[in-house]
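Residue 172 in UniProt numbering is what sits at position 172 of the sequence shown, and the numbering runs on without skipping anything.
Hints listed in this document are in silico derivations from the structure and should not be mistaken for laboratory results.
Mixed in with the good hints, there may be bad ones.
Unchecked claim - Cβ-Cβ distance ranges computed for the label pairs, FRET-style: (1) His43 x Ile92: 36 to 44 Å; (2) Thr23 x Arg232: 37 to 45 Å; (3) Pro241 x Gly106: 45 to 53 Å; (4) Tyr285 x Thr7: 24 to 32 Å; (5) Lys194 x Glu53: 43 to 51 Å; (6) Ser104 x Ser155: 48 to 56 Å; (7) Gly106 x Arg28: 35 to 43 Å; (8) Thr4 x Val51: 25 to 33 Å; (9) Tyr289 x Glu6: 21 to 29 Å; (10) Leu211 x Ile12: 33 to 41 Å; (11) Tyr289 x Pro241: 39 to 47 Å; (12) Gln208 x Glu6: 38 to 46 Å.
Claimed, not checked - Straight-line Cα separation of at most 25 Å, BS3-like style, residue types lysine-lysine; simulated pairs: (13) Lys59 x Lys25; (14) Lys194 x Lys157; (15) Lys194 x Lys33; (16) Lys221 x Lys256; (17) Lys25 x Lys223; (18) Lys223 x Lys194; (19) Lys35 x Lys25.
Cβ atoms here follow ideal geometry from the backbone N, Cα and C, with glycine treated the same way.
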Amino acid sequence: PLETSETIMDCIPLPDLVALGRTCKQSRINVTKYKERVFSIQHAYRNFFNVEEIAEFQKLQQLIGLLVSGSIALEFFNREAYDGDLDAFCNIQHCEVAGDWLISHGYLYQCKVGQAVEFIDALSETPVVSTTSDADTEEYRFSTVIAVWDFVRNSSKIQLIATCGAPLECIFSFHSTCVMNVFTHRSAYCLFSKFTLEDKTTMLIDTQPPLTQREMYPIQKYKNRGFTIMHRPTFRLICDPSSSISVLTPRYIGDKHCYRVPFRQLYAGTPAVDFLELNSWTMAYVTNYNTINITVLDIPGAVVNCVFGPQNLAQVRTQLSSIKALIRSGTLRYDKASSIK
């Protein structure tokens, strides 16, 4: 029966699920139906919005470049229940729009100690840099985060996380690779899919011993969830060009090391460009820790800035200079520049 089949498929790792779909015609049909249900934007946001709201939220993501990450994104890919919040990463210049949207859909702003009672006041009082000891926000370093605001509706909680630069820059500041998964309006991306979905391993990023209690909190959380903690990769992984963490090969959002699930567009209108796939990065290893190298650049037509690895930087800057010159001369319209990939 399909119900029994789906219960079994819930327990099968994603790569094995793909292999199962290749065994016979009936398995292919069952796996296809299962993936259409489970790997959908409706399923991803089911605990936070109704169907109509999901379409509106998808449109909001497209308009302001909002990214969703954290436990909810990992849960989506490995199909384990973590009962976490929805972490919405948004550049500070678009946070008023995002917060107002949540409030207009029944979410109540819940201030923390030191925050204003009303969201609009809390937003206006936001300092350049903010820190917090909230356990739910221990996932990232605060050099990239300006403020965190909580919104609650019944048992659902959404954290609106204001970033001072590109939201993706904040994702790359997470403690380890297993939580580097994101939802855009177009797709879900698991950036280190073999480690995360096949090996159930997470490599620490920008973390060096001895670890403080604050640094240990998220690492221990994912260890308790069954992940093996990789403090330092092997020399082979670092130097193998085919490795997802090689120093020799630049990485790109959507490359062969990513697992991408496309989302069906639920709102009316022409499909918008997903600028996330413009972004790149490189891995680097210093004496005591592993790190991700990126530089933030402004892209004509993009809602938010993009990040690039050092190996791509010179080429990207040259291309951007040419595009901006064409826009200034009137040869290329700004709206047309936004469609260039």
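Here is what the structure says about each hint:
For histidine 43 paired with isoleucine 92, a C-beta distance near 30 Å fails the hint of 36 to 44 Å. For the pair threonine 23 and arginine 232, the beta carbons lie near 38 Å from each other, so the given range of 37 to 45 Å is met. Remark: the range hint 45 to 53 Å for proline 241 to glycine 106 is upheld by a beta-carbon distance near 50 Å. Take tyrosine 285 and threonine 7: their Cβ atoms lie about 42 Å apart, and the range 24 to 32 Å is violated.
For lysine 194 and glutamate 53, the hinted distance range of 43 to 51 Å is not satisfied, since their beta carbons lie about 34 Å from each other. Taking the beta carbon of each, serine 104 and serine 155 are about 20 Å apart, not inside 48 to 56 Å as hinted. Remark: the range hint 35 to 43 Å for glycine 106 to arginine 28 is upheld by a beta-carbon distance near 41 Å. Distance hint for threonine 4 and valine 51: a CB-CB separation of about 27 Å, consistent with the stated range 25 to 33 Å.
A C-beta distance of roughly 42 Å is found between tyrosine 289 and glutamate 6, which places it outside the suggested range of 21 to 29 Å. For leucine 211 and isoleucine 12, the hinted distance range of 33 to 41 Å is satisfied, since their beta carbons lie about 34 Å from each other. A beta carbon spacing of about 22 Å between tyrosine 289 and proline 241 contradicts the range 39 to 47 Å that was offered as a hint. Checking the proposed 38 to 46 Å range against glutamine 208 and glutamate 6 shows it holds: the Cβ atoms sit about 43 Å from each other.
Under the criterion of a C-alpha separation no larger than 25 Å, the hint pairing lysine 59 with lysine 25 is inconsistent with the structure, at around 36 Å. The hinted pair formed by lysine 194 and lysine 157 fails the criterion: a straight-line CA distance of about 30 Å is larger than 25 Å. Distance check on the hinted pair: lysine 194 and lysine 33 sit about 24 Å apart at the alpha-carbon level, within 25 Å; holds. For the given pair, lysine 221 sits about 28 Å from lysine 256 by alpha-carbon distance, which is inconsistent with the 25 Å threshold.
Distance restraint check for lysine 25 and lysine 223: the Cα-Cα separation of roughly 38 Å exceeds the 25 Å cut-off, and the hinted pair is therefore not satisfied. Between lysine 223 and lysine 194 the alpha-carbon distance is near 17 Å, which keeps this suggested pair within the 25 Å criterion. Taking the CA atoms of lysine 35 and lysine 25, the gap is near 15 Å; set against the 25 Å cutoff, the hint holds.
Of the numbered hints stated above, those contradicted by the structure are hints 1, 4, 5, 6, 9, 11, 13, 14, 16 and 17, listed in ascending order.
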